[in-house]
Amino acid sequence: MNHLTDEQLAARLDGSRSPDAEGHLAGCEECRARLAELSSLDDALARALDHDPGEAYFASFADRVAARIAQDAAPAPASATADVTRRGLFGWWNSPRALAWAGGAVAVVAVAALAVVITRDHGVRPLAGRTAPSEVGSTAAPHGANELRATLPPERGPGVPQRPGTARR
Amino acid sequence: MSPAGPPDDALIAAAQRGDQAAFAEIVRRYQRAVYRVAYALTRNAADADDLAQETFVRAWGAIGRFEIGQPLYPWLARIGTNLAYSLFRTRKRRPETPLEPLLEAGQQWGVEDDPAEHLARSERDERLRTCFVALAPEHQAVLALRAIKDLSYDEIAQALNVPVGTVMSRLSRARADLRRRMQEGSGETP
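From first to last, the protein sequence lines are chains A and B.
The first sequence begins at 1 in my numbering and counts up one residue at a time.
The second sequence begins at 170 in my numbering and counts up one residue at a time.
If you're looking for bench data, these hints aren't it; they were derived computationally from the structure.
Subject to a maximum C-alpha distance of 16 Å in a straight line, what follows is the list of computed EDC-like cross-link-like pairs (lysine to aspartate or glutamate):
id, chain 1, residue 1, chain 2, residue 2
1, B, K318, A, D42
2, B, K318, A, D43
3, B, K318, A, D14
4, B, K318, A, D50
Use the sequences and the hints to build the structure in full.
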């Protein structure tokens, strides 16, 4: 005996009636049991997926939707100035992104100031002949060496080692 | 749905002209149905609340494109279903299965009379939810919309934007998959 397929049983469950399926069900206990099982599963699923939040929830629902629509329709601040005005002068203090930008800017300024100080110190000594080029090269980092080279006059260029510690005369 | 008051088409036409009071009436008319869809898809009261509200917000934004004469509920269900899919994708996980329906089961389902029956039913429903969550999202959606019992095949097809034949085949596969998982979970042979 060919039993009804899952699809046929599901269709029967959803209200479809075909003479063949009805005839088979009338004489097949196994298919009736499967149909009953599917029906029971549907009922359990309907219970599990249903939830009533209560009348109070729905009494104010339309108002909440209206408020949300109004909020979405509210115009955005017209400019950065308006934004600053809205948040206050130190509003950026509460913004992680603004803080990150501020920290980055401070770091850049600090590095630039340090570079100027180092450049000034190391730029004076060789000119005064107090420090051997090899000594400069042995302590300066590669990037520092490039910066030093850039600050020296052209005739002093060969006095700065190409790589730290490699130039010996 | 056969509500008292102006017919849906009149309210929709008014809403399309920007009448917010008419749209509020539409919200009141369909809020329970839309919440039911939202809860069936998320099974979480907080998510369902958010989803139901957002469904109407999107509906307001798109009401101008709605074709008067078509049924409104499947259109709303479709917005809600798409939002739910979007929510699942954003979270990269399936909907939550909170305990609240289980805790409310006694009052809501009227099974507190027999503690043994209550326990057995609760355990079965809990297993059912676990198995349901493991289904493919499109199977969850079609079963959820069918379980609500408010929507016909045609309306489910409109809500999911698929042909009716696809709804039937998906329902069949989804039920079979759910049944198999339930049997595996209980140690029965499929």
